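Chains A and B, in that order, are what the protein sequence lines are.
Under this note's numbering, the first sequence has 160 at position 160, and the numbering climbs by one with no breaks.
Heads up: take any position in the second sequence, counting from 1, add 1000, and you land on this note's numbering.
This list has only true hints and no planted wrong ones.
Simulated pairs of lysine-lysine, DSS-like, Cα-Cα distance not exceeding 30 Å:
(1) A/K139 with A/K95
(2) B/K1119 with A/K145
(3) A/K178 with B/K1122
Simulated from the structure, these hints should not be mistaken for lab results.
All figures in this text were calculated on a predicted structure; none of them were measured in a lab.
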Amino acid sequence: MKPVVLMVGADKGGVGKTTVTRTVLDYLAAKNALVRAFDAEHPRGTLQRFHPDITEVVDITTAADQMKMIDTLSTSEIKVSVIDIRAGLLDETLKTLTEVGFFDLVDAGEFNFGLMHVVGSSVASLDEIAEVLPYVKGKHYFIVKNFINDTSFFEWNPTIYRNYFRGTADAVEVTIPKLNEMAYEQVELSGVPFSDFVANRQSNGQQVNNSLVLRGYVRTWLRQISDEYDRVGLLDRLYDRTAAAA
Amino acid sequence: MNTTGSGFSTGSTIERPRLPDPQSSPPRPSVAAIVASLHGRAGKTLLARILADYFILSGRRPALFDTDATERMLHSAFPDDAIVVDLTEVRDQMILFDTLVARSAAARVVDVSHHAARKFFKVMQESQFAAEARARQVEPVIFHIMDRNSDSYEAARLLRERFEDCALVLVENAYLGKVKDQTRRSTGYRAFEDHELRMTLPCLDPEVLDVVEDIHLSLSDLMREPLSRGASGGPLSFDERAYLRSWLGRIFRDIHRVTRAIEARALSPAPADPPS
Chain A
1 MKPVVLMVGA
11 DKGGVGKTTV
21 TRTVLDYLAA
31 KNALVRAFDA
41 EHPRGTLQRF
51 HPDITEVVDI
61 TTAADQMKMI
71 DTLSTSEIKV
81 SVIDIRAGLL
91 DETLKTLTEV
101 GFFDLVDAGE
111 FNFGLMHVVG
121 SSVASLDEIA
131 EVLPYVKGKH
141 YFIVKNFIND
151 TSFFEWNPTI
161 YRNYFRGTAD
171 AVEVTIPKLN
181 EMAYEQVELS
191 GVPFSDFVAN
201 RQSNGQQVNN
211 SLVLRGYVRT
221 WLRQISDEYD
231 RVGLLDRLYD
241 RTAAAA
Chain B
1001 MNTTGSGFST
1011 GSTIERPRLP
1021 DPQSSPPRPS
1031 VAAIVASLHG
1041 RAGKTLLARI
1051 LADYFILSGR
1061 RPALFDTDAT
1071 ERMLHSAFPD
1081 DAIVVDLTEV
1091 RDQMILFDTL
1101 VARSAAARVV
1111 DVSHHAARKF
1121 FKVMQESQFA
1131 AEARARQVEP
1141 VIFHIMDRNS
1151 DSYEAARLLR
1161 ERFEDCALVL
1171 VENAYLGKVK
1181 DQTRRSTGYR
1191 AFEDHELRMT
1201 LPCLDPEVLD
1211 VVEDIHLSLS
1221 DLMREPLSRG
1231 ASGGPLSFDE
1241 RAYLRSWLGR
1251 IFRDIHRVTR
1261 AIEARALSPA
1271 PADPPS
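Produce the complete structure using the sequences and hints provided.
Dropping the structure here:
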């Protein structure tokens, strides 16, 4: 199997990027994929707080940390790397990856690459998408509309979107449904993966007694997300199994 | 009462019920009774009250939940014991289900208003309440009150399918009238032909029923108090009290029978899990 890099990024903060990354890690774990994660929110590391066992905090602007991620791709036992890009650094990171020749290797078929682009609800996000498009041509590009924290109305719909890009992008649209606020807050406080919250596990592995109702909300929500990732064939695309699935 | 023999004679044909040995018998599961019906005015709150009084008379003071945040009938009947929950609020859903599932010997009774039923059963399903409750020695039981129409049987059938791991007691309320012939032919009705867990609310004289429906009348007090209560006896005569007691006695016996059957089933070794 080819090494896979899945990046999760956003130009704006507060669109729930790290939350989306967490759902991806839960999804991949449920599919028995071995995953390592890089948290580029240097030096804070929100993702690391929830997935400490598999997450390393990196400063993506330094060559040393770029090497840590890219140079180990072929040698690492773990074939899937998920990188949570710091808000605002998406464009810069894509530029850097181009400069170090990463995308040439992807084009040569050495690695598989996917980008999950978490976008805000304003039409401004269409410009964001336009900026990213040249980098992801021929690669797996997921536009993630995130409804986790609110049900804000997206100012743009598929029609506007299609008119805007006139079919230049073969992007896949992914929708993350809303999660009840109280359930979301409780998971935040617990500081554990969503799946552990559902299973009543604490970060030290001990059993806890989370609210039955809140666990129910998180379980249902995770299942909806899993269905959505299945629907867009996230795993098949990353594993190059698209043809087989079709 | 049978008074044959001294009570010590070995030849006695009357066997006294054997008391369980507290050392050897496993702890009894506590019952979480969920009272529901498809339509309103089917006698839910009345049955919830009777269940509450049954548990009170059995020495197990129950926790009571009233899901009708507007009418609050069960709460009016048991102001000290009933908690009113508004299931449109997540906080109240937590109060209800997290208490229902708590490991405790206390019985619990929920009066599921037909307005709140859809939400109640949705949360019940999504939280996997029945499985979690049973893991904590709490036996959830749905008491579904039927009426003459086939849709009430169909609703019960769907509930039984949806909550396979939860006991369902079919409650026939004689006061609502005889089941229609058309209903008897329906698939919903026939799905319950072999259903064992069932009980009846027998008919009651309409005048006495009015008194029973007065939520301030405590049914457990009625069972405990002397039949002739003199001036403080309220609107009921001696005969009416005796009549009402025998009516309640029948229902209590039914409740006792079904809850014991459910407890026994919970305590017996689980059948082999079907391959998943």
